[in-house]
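I would like the entire structure built from these sequences, with the hints used as guidance.
Protein chains in written order, with our numbering: chain A, 40 to 555; chain X, 40 to 555.
Among the hints, a few may not be true.
The list makes no distinction among identical chains, and a pair is therefore deemed to hold if it is satisfied within one copy or across any two copies.
In silico lysine-lysine, DSS-like type, Cα no more than 25 Å apart, as pairs [claimed, not checked]:
{"#": "1", "residue 1": "Lys293", "residue 2": "Lys498"}
{"#": "2", "residue 1": "Lys235", "residue 2": "Lys293"}
{"#": "3", "residue 1": "Lys519", "residue 2": "Lys452"}
{"#": "4", "residue 1": "Lys397", "residue 2": "Lys138"}
{"#": "5", "residue 1": "Lys235", "residue 2": "Lys273"}
{"#": "6", "residue 1": "Lys98", "residue 2": "Lys138"}
{"#": "7", "residue 1": "Lys397", "residue 2": "Lys498"}
Quick caveat, the hints were computed from the structure, so don't treat them as lab data.
Number of protein chains: 2
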Amino acid sequence: FRMHPISIPTIEKISPECVPLWLDLLPALSGEDTTKSFFQELVNILLSYVCKSFRRSSKVLDFHHPHQLREGLEGFSLELPDQPENLEQLLVDCRDTLKYGVKTGHPRFFNQLSSGLDVIGLAGEWLTSTANTNMFTYEVSPVFILMEEILLKKMQEIVGWSEEEGDGVFCPGGTMSNLYSVLLARYHFFPEVKTKGMTALPRLILFTSAHSHYSVKKSAAVLGIGSDNVVVVKCNDRGKMIPAELESSIITAKDQGCVPFYVNATAGTTVYGAFDPLNAIADICESHGLWLHVDAAWGGGLLMSNLHRVKLQGIERAWSVTWNPHKMMGAPLQCSAILGLLKDCNQMCAEYLFQTDKHYDTSYDTGDKTIQCGRHVDVFKLWLMWKAKGSEGFESQVNKCLENAEHLFDKLKQRPDFELVFKSKPEHSNVCFWYIPPGLRNMSPGPERNRRLHEVAPKIKAKMMEQGMAMIGYQPLGDKVNFFRCVFSNPATQTEDVDYLLEEIASLGHDICIRD
Amino acid sequence: FRMHPISIPTIEKISPECVPLWLDLLPALSGEDTTKSFFQELVNILLSYVCKSFRRSSKVLDFHHPHQLREGLEGFSLELPDQPENLEQLLVDCRDTLKYGVKTGHPRFFNQLSSGLDVIGLAGEWLTSTANTNMFTYEVSPVFILMEEILLKKMQEIVGWSEEEGDGVFCPGGTMSNLYSVLLARYHFFPEVKTKGMTALPRLILFTSAHSHYSVKKSAAVLGIGSDNVVVVKCNDRGKMIPAELESSIITAKDQGCVPFYVNATAGTTVYGAFDPLNAIADICESHGLWLHVDAAWGGGLLMSNLHRVKLQGIERAWSVTWNPHKMMGAPLQCSAILGLLKDCNQMCAEYLFQTDKHYDTSYDTGDKTIQCGRHVDVFKLWLMWKAKGSEGFESQVNKCLENAEHLFDKLKQRPDFELVFKSKPEHSNVCFWYIPPGLRNMSPGPERNRRLHEVAPKIKAKMMEQGMAMIGYQPLGDKVNFFRCVFSNPATQTEDVDYLLEEIASLGHDICIRD
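Pasting the structure below:
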């Protein structure tokens, strides 16, 4: 392994006539050298960005409003030309694109469930785009198709399924994975829906918790079931579905002449990071003959940790599982798996695309099991990360994120200027809290305090984004007014960053004006 | 613009103890140098692959059956370890992954509608993955969100829509874009479907041609409309929808008490590359009050050419359009746009994800108009390509692909060992033909000749893949037995490659055995 330190040269200004254009790159006959030089310059820009992303002295973002960016900051024009730009200008465009973006890999970016910049995963993405192929057939993606199969099997094994139960596919995001689960369940109970449509079916009812992701409702809307037919089951204070509420909702739906068929249990809710009690829910699904889906988009990563996987006990009883390695496992966007028997749910047998008289085993052509046709290669980055870290590497990453959450929780408990949204220790890496500005600290609870408190987080976030040194999300939920949600999925984040975040919020929030 | 020629060093074998692991890379404290060196080695591998992809002397693929790859060729193990592999081994894995894959950018890869390796697009993808962010909100993707808006507006302008008609989104593939179109149409006529589901609706009927993409049927199945409710309209010999057939199908459906609501017209069919007569179809849609969708996934690229855009005349009358720049415009996979008014079709107003009290104009948060939640950044590569080439660059690429098709067509007409599937000049870059082996040349047309002819293309393709010097697809269609479909979307392809393909097919096909 040789070290070749890369210098980051600046692009020299040369008169435009000498500057190469895209036509000088491959496939031009003598395009190899120009192509390599162009990529070398690009790689310098990209690696400089990568290094900066990890430096605490650099900003997370340099915020501008849409109209400012549209007007062309410092000559950065977003408009599309009729004539070509030269390669030098393109590199400047690339630099500017990164400059005005958000460093989602920065150790102080706490804004999303997906954060961090895994450099092995990044290497995997660069290779994936260089290979530029499609997951629909083995003939154009032999290696990636097998990697997908191996990854899915491994994930199923980790979920706790036997070999035969396995199948699945990587989809463009957790919402699509959840949509697949509803599709699978509907087809399982009513295979005629594929040809006859919903008109031939009774009124179907789905169940999901009040804290679950909105994709269950969206799926019902898209699939023609209707979002009104999603029954929202009550949660306890901690954001966990209450099994008794689920059971009574099922009975009520049956009494009304509807047909319950699907329950979504969440393993790691978006805001609280709560885990629904999977075994209790699985018992209810079994006794009523319902499909159990577990949305572990966010919580699935905890399966990699011997310390934390107990929180998903019962997941092996699910009929389908969503698990997004692009969240807790740090894979670059997107990487989301739906696990479950796809079989012929989506099959259309378009022989003109998926010939069965080819000379290899065409059961490896995955195109006909998906609801896409062409499909991006989302697996290689995860495969490469798994090779690089081993299962153990993922375990240590996950544990570290949860340690950061516990650190934040402990700090918050000690501070009088913050208030926790729920008092119990976080189960996942989500920590939810309010900052209480001086003027609100002695107000008694009630609508007036709530009204004011609701304005605090947006105001602090706005100032934080303008300043650009950290980023965190907020939201209201149920009867709770706007509160911050801090999440940890970035292995670059250290406890010092957690401490920094609290100081930052307190200092930005200390002097904000809240209207009387 | 400085030239930095890159040497491609071989990876030296060093004793395993000294070899860095992933833990030595960023975010490790002193990880910058190791990270840069690792990427430099990777980039050497990737650029060497890119250069090879364009060399005619290199193979398109090195075919192996699934079981061979699974067994681990020359130590290339696909299995996922518990313990980390070192960085050197990862680079070997990367090299092997490319080695056993398919060079979709090779000038002699004719297998798919998406081919070619656009190096500017590739640069765009490397940057996209380095930025590693998500299209759902402006706050995490300010630049990309604006680029998407600008690209969509430009594409709408090219389609011929006025400013106000515009909206849209980039989706993971043309099938998803077509699915959006059905969703939009259904919501337009029956907005209650979102909450009440299909049960509240009459029996809806969709229309699409016999040569259209199967995604219309798949969408009907997924969306709960049912694939039986897709009426397949007859085409003429050239694969174009017959307007009179469409109209009579609509009337028949109405007579049966069903509700026609949606017509898909194809601009560039998958196999023949045929363009449906859009104006005639638009007239019918207007008179019956139906939604007109134009699936220009494949043909949309021709809009960039002043010479060829006439073939899509009438597309401006469509209510929604699918257009995949990853096909004819050569953008890396995936890059597919659905154009049309999304408005509140998919909106769920999940305030816990899409807060409206943020300090910027939140109409730029696109998450709630899509059926995904998180969404990959598919726009930057196209934006960068547009900057690099200008609209004019795309025009010349498209024209060149169609010239190649015409060259192939002219050659085929002259050769006695080949037979065209249809005699007229190709409208798009698809050219469909049979190779006729010596034993079949004097057989009279009929079932026996057809049975034998059906076996020819698969046998030739199998041999071609084993040899690895070119790749082309085949399929049956309607009453036509297996024939080759050659498509041109790779600007690297020259007429010499077209000539090579014919010689290759003839030489592989000359001696094949067809069972009596």
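For each hint, the structure was consulted:
| no. | hint | verdict |
| --- | --- | --- |
| 1 | Lys293 - Lys498 | neither (47 Å within a copy, 57 Å between copies) |
| 2 | Lys235 - Lys293 | both (23 Å within a copy, 18 Å between copies) |
| 3 | Lys519 - Lys452 | within (19 Å within a copy, 74 Å between copies) |
| 4 | Lys397 - Lys138 | between (49 Å within a copy, 22 Å between copies) |
| 5 | Lys235 - Lys273 | between (34 Å within a copy, 22 Å between copies) |
| 6 | Lys98 - Lys138 | within (10 Å within a copy, 40 Å between copies) |
| 7 | Lys397 - Lys498 | between (61 Å within a copy, 8 Å between copies) |
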